[in-house]
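J.: Single-letter residue listing:
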Amino acid sequence: NAGVTQTPKFRVLKTGQSMTLLCAQDMNHEYMYWYRQDPGMGLRLIHYSVGEGTTAKGEVPDGYNVSRLKKQNFLLGLESAAPSQTSVYFCASSLLGTNPHFGAGTRLSVL
Amino acid sequence: GESVGLHLPTLSVQEGDNSIINCAYSNSASDYFIWYKQESGKGPQFIIDIRSNMDKRQGQRVTVLLNKTVKHLSLQIAATQPGDSAVYFCAENPPFRSNYQLIWGAGTKLIIKP
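Order-wise, the sequence lines are chains A and B.
Start counting the first sequence at 1; every next residue gets the next number (my numbering).
Start counting the second sequence at 1; every next residue gets the next number (my numbering).
Any given hint might turn out to be false.
Derived DSBU-like pairs: lysine-lysine, alpha-carbon spacing no greater than 30 Å straight-line [claimed, not checked]:
id	chain 1	residue 1	chain 2	residue 2
1	A	K71	B	K42
2	B	K42	A	K14
3	A	K57	B	K42
4	A	K70	A	K9
5	A	K70	B	K113
6	B	K42	B	K113
The set of hints was computed from the structure by calculation and includes no laboratory data.
Model the full assembly from the supplied sequences, consistent with the hints where possible.
T.: Structure, rendered in structure tokens:
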């Protein structure tokens with residue numbers, strides 16, 4: 001039982017490049033979330049999903065897109081990366097919204 | 001529990017002593033609160049949660065206290081161990097956000113002195 005798995009673990013991008021972060025969970029959870037974490041700050045919600053085929057905006061959605069085509073996967077896309085998107089990205093999943101389980105994170109640097 | 005900036009509050013505790021980590025939350029109508037632990041280089045890990053209809057909840061070596069009058073949440077860790085060194089985050093579920101879009105605090109760094 002792997003829980004929440006994020007790939008890749010590290011990535012360096014140049015400004016303007018695009019990439020997709022993959023999150024996979026094997027707990028049959030309905031809710032999935034993408035957060036970003038910046039130094040000295042709490043987690044900020046980018047986008048979330050309450051079920052397969054649904055997505056919604058969180059606090060800081062600009063510059064990101066998401067898709068939830070399969071219940072177990074939640075993808076986060078950056079169409080044109082900017083240095084302000086340098087951060088650690090965490091995916092989380094939850095059965096009903098409480099007690100989310102987090103992945104190990106993806107460290108992204110945009111140069 | 002709102003983000004407060006770049007410098008994390010730090011709490012230093014002697015190994016074996018009890019630790020108390022405090023959190024001020026922002027919305028008096030929040031109905032769900034949660035504590036997470038984050039070790040360096042890892043994702044946050046669930047510790048304990050509490051609903052607003054409770055004042056206290058206990059887990060293994062941890063207790064969460066909720067004071068709704070002053071919008072204050074605390075996490076007590078008994079007999080602190082070296083493995084408790086981490087950053088601790090509180091989060092709240094405010095009524096103006098649906099689907100458990102939690103608001104997270106900036107975190108408190110717990111340092112264990114040998």
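J.: Under the constraints set out in the numbered hints, which ones does this structure not fulfil?
T.: 5
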